[in-house]
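Colleague: Sequence:
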Amino acid sequence: MVNVVVMGECMIEFSPAGNSCYKQAFAGDIYNTAVYLKRLQNSAVDISILTAVGCDALSNAMVDDFKASGIDTSFVQRVSHRQTGAYLIEISAEGERSFVYWRDTSAAKLTISQLEDNAKRALIDQCDVFYFSGISIAILAKEDRQAFWLFLAELKQAGVRIVFDSNFRSRLWESKADAISQFDQALSISDLVFAGVEDFNLLYDLNSFSDVDNFLNEFAINELIIKNGPDDIFYRSTIEQFEVEISPVECVVDSTSAGDSFNSGYLSARMNGSSSKEAIEHACRVSACVIQHKGAVINQDVFSAFMAKE
Numbered sequence: 018m019v020n021v022v023v024m025g026e027c028m029i030e031f032s033p034a035g036n037s038c039y040k041q042a043f044a045g046d047i048y049n050t051a052v053y054l055k056r057l058q059n060s061a062v063d064i065s066i067l068t069a070v071g072c073d074a075l076s077n078a079m080v081d082d083f084k085a086s087g088i089d090t091s092f093v094q095r096v097s098h099r100q101t102g103a104y105l106i107e108i109s110a111e112g113e114r115s116f117v118y119w120r121d122t123s124a125a126k127l128t129i130s131q132l133e134d135n136a137k138r139a140l141i142d143q144c145d146v147f148y149f150s151g152i153s154i155a156i157l158a159k160e161d162r163q164a165f166w167l168f169l170a171e172l173k174q175a176g177v178r179i180v181f182d183s184n185f186r187s188r189l190w191e192s193k194a195d196a197i198s199q200f201d202q203a204l205s206i207s208d209l210v211f212a213g214v215e216d217f218n219l220l221y222d223l224n225s226f227s228d229v230d231n232f233l234n235e236f237a238i239n240e241l242i243i244k245n246g247p248d249d250i251f252y253r254s255t256i257e258q259f260e261v262e263i264s265p266v267e268c269v270v271d272s273t274s275a276g277d278s279f280n281s282g283y284l285s286a287r288m289n290g291s292s293s294k295e296a297i298e299h300a301c302r303v304s305a306c307v308i309q310h311k312g313a314v315i316n317q318d319v320f321s322a323f324m325a326k327e
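Numbering (the working numbering), first residue to last: 18 to 327.
Treat the hints as calculated values from the structure; they're not laboratory data.
None of the hints are false.
In silico EDC-like links for lysine to aspartate or glutamate, alpha-carbon gap of 16 Å or less:
#1 K40 - E107
#2 K294 - D249
#3 K311 - E111
#4 K294 - E262
Take the sequences, apply the hints, and build the full model.
Modeller: Next comes the structure, spelled out in structure tokens:
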């Protein structure tokens, strides 16, 4: 069994449900990936979430949701004086989404400072794959970031595979320089990177696949996947590189979790022994399923029925 740990923030999601009503759920980039990966792998993977939540009723409901999704909660910290963050999704006629956030007092900001030594040791001992994102770093209290990088160095030394999804959100960062310094560290330590051209354009002023690839070639990244919305996907490893054409989805309902679900599809397929090209094609199908439904984490029966046809 593969042991995966995802680190970051899960939030209360309010998605449009029609007639000016909103549906409450729980979501967040790393959590979305964890849920879809668990659904795809089932008992073949053990997934834990490293985060911090409050002690209120909504935080309790969130932890219950983790468990119901098959996510281990051993590394969920409780912070009595903090709450769980929330966001509201607004969706355009074209299916593109925008967000309104309430996360200033989010408990997840204290994830690293609340992690006790015995829990950290247990995590390092059991973890095979550690997954985090640009958002995971951005939401951390600034004074905790150095401890986070030391923790990742311990994971790396223990042979854990480090997976990073760029997910850059400018509003979460104090400055562009601050974000660049943190991203540089993430890119320096990661084995597999999911990079978005849009993220690297906003952060590093890079405009194309080749620009991003040339820039990231300076880092010791074993596997690199570069995504650019509906355009082809670029892949490079230490032994091969190629592009994969994407089949467009005619009816995009909600693209909230397009990238998160893609990442889960890729990781799942690789765990099953698929080639990198086969894994990317599988990841595209997973993402295509998800973006045709509302919400970041779609109904499990709908998801399972769609994937059963693949």
